[in-house]
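> One-letter residues, chain by chain:
There are 2 protein chains.
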Amino acid sequence: MVKLSIGIDIGGTNTAIGIVNQEGKILIEDSLPTPSKKLNPNAEQQVSDELLHDFISEISRITKSLLAKINLDYEIVGIGIGAPNANYNEGTIEYAPNLPFIGKVSFCKMLADEFPDMPRIHITNDANAAALGEKIYGGARNMDNFVMFTLGTGIGSGLFYNGNIVYGIDGFAGECGHNTIVAEGRLCGCGGRGHLEAYCSAPGMKRTAFELLLRDNAEDSLLSGYSYKEMTSKHIYEAAVQGDKIALEVFEITGKYLGMALATTVHHFSPEAIFLFGGPVSAGDLIVKPIKESLEHNLLTIFQKRDIPVLISELDLGHAAILGASALVWNN
Amino acid sequence: MVKLSIGIDIGGTNTAIGIVNQEGKILIEDSLPTPSKKLNPNAEQQVSDELLHDFISEISRITKSLLAKINLDYEIVGIGIGAPNANYNEGTIEYAPNLPFIGKVSFCKMLADEFPDMPRIHITNDANAAALGEKIYGGARNMDNFVMFTLGTGIGSGLFYNGNIVYGIDGFAGECGHNTIVAEGRLCGCGGRGHLEAYCSAPGMKRTAFELLLRDNAEDSLLSGYSYKEMTSKHIYEAAVQGDKIALEVFEITGKYLGMALATTVHHFSPEAIFLFGGPVSAGDLIVKPIKESLEHNLLTIFQKRDIPVLISELDLGHAAILGASALVWNN
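Taken in order, these protein sequences are the chains called A and B. The working numbering applies: residue 1 is where the first sequence begins, and numbers increase by one. The working numbering applies: residue 1 is where the second sequence begins, and numbers increase by one.
Here chain A stands alone, though its shape is the one from the complex (with noise of 0.2 Å):
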């Protein structure tokens, strides 16, 4: 008999879902759209729980064809599910500002009225999902501690302490892209100033390079031609490869401010390893140098003389969302 997790993976358009093996093979997987704001712009609370009925509904019914189509004597450990602003201690979603749903949302407990033979049904946010991923199929599987930055749209993080996730005690702690690292600086999605999100993230990145064209009135560069709504961090990498100087520092300075929060992580916990994640760490070098030099450079010296590895996940990005989320059903 073959033990299963199911990974779900709620992002903010699709939905993923996959079953998967102990070693981290997907061995079937679909998706569905995440029901969007747009259906519910005015937050009504009969709205919502239609959506989210709706939701669930769609979520069981292709979950038992997925399985319906494993020709495998499989035994079924638990579901996990990634998703934002998930309380993995009370099983809910809460507050989520990209989705349709009105405040707290006991998800888990939802999902068990469809799977009611469920041995477990666990939820967390994604990049405590990918950190999990990470311990249970990837580079840290010999590690109980270890720090994960996940870097995209967003910045998020999953901080594995003496062998399991730090939670805190509402279940919501790691939101370590919401650190202030430069005093009153950018404002930043979720309201604040200064923190690494509005300087690292992909939408940071472009503010970086927006920032220098100006300052050098940088014509010349290869980033001079996109308008402020169609540049992404991927025309940034592309301008670097080609060594385009402006593209080529704001890989420098994205460095340099992670390297200054991952110093911050370190200082509250000092782990075995930092592992970096998402798109903008395929870029290799570029960016993973200077974060090195900027976390050695304000690691205070005890540190330093540990020489931290920065380490690139190794979770295939395609599929790290529905690895990530079935590894919290193993983890437990």
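Read the hints as simulated data drawn from the structure, not as lab findings. Be aware that one or more of the hints could be misleading.
Given that identical chains are not distinguished, each listed pair holds provided it fits within a single copy or across any two copies.
[Said to hold, decoys possible] In silico DSS-like links for lysine-lysine, alpha-carbon gap of 25 Å or less:
| no. | residue 1 | residue 2 |
| --- | --- | --- |
| 1 | LYS38 | LYS229 |
| 2 | LYS37 | LYS305 |
| 3 | LYS245 | LYS104 |
| 4 | LYS234 | LYS38 |
| 5 | LYS109 | LYS305 |
| 6 | LYS289 | LYS305 |
| 7 | LYS25 | LYS69 |
| 8 | LYS104 | LYS305 |
Given chain A's structure and the hints, the job is docking chain B onto it.
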């Protein structure tokens, strides 16, 4: 038979030794001068060894003479030591900038040679000791998740997570005074830039005071009569109590930066409460009010909902160091 703990606090100038009962009462105490950096200015190994040997002999002699004076049927459960750059995991003091010892010193082991029958001897830094003191004797008695920030000449932190201090894999975790809050800001004593300690320690407050004096050309401020060398945080406090605008703003700004740093720590751990300890905290609402406002302002919404308590340490400032050190033994 009464159980007692021995607490030893190795400070920059003096080393205090006390015998403490389980209720946190210091039955008897004494002190000796801490060997000074001046005694080994060129960091010679032989001088370091001799100073260390003499220091430990003297600690042993005083401790034994204190024990001889106790008129009780007692059992000593262990010795707890608070010291700069102490490594809990290894029982060492490592590269402490203000002590005359070279490199890594096996302090616990050397002290154990003087007390061969002692059940346990542990060492940690003073901020971790303060957090343990709060846990064992103070306001955190019923908490398993809290953080303690100690404000003084420097800024330390003790992070108490799931029932124990966070030591990290090398025993050095919890150095939040050196978290960057102002990218490329003020030079810190550690050589880094923009660290919390450079803004919110007592010398940091003085720097802020001079920044404001010159910004406003405030010759009418009560603080304008002190030289840079002579001004202390006590002068700033006294001026603030008299309504001096510059002094009041120093507290506002100090609180604002502390709130940012505390938000970062909450984002990591989501603790039950935050404790503050040290001289500047005795200014009460002058500093605590702006800290709370800034904390609230800098927290992600999901954490704001909980209204995390910011509490003043219940430990007596004059005895907290011995108490904290002694707590290290009860907690094990």
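> List, from low to high, the hint numbers that the structure doesn't satisfy.
3, 4
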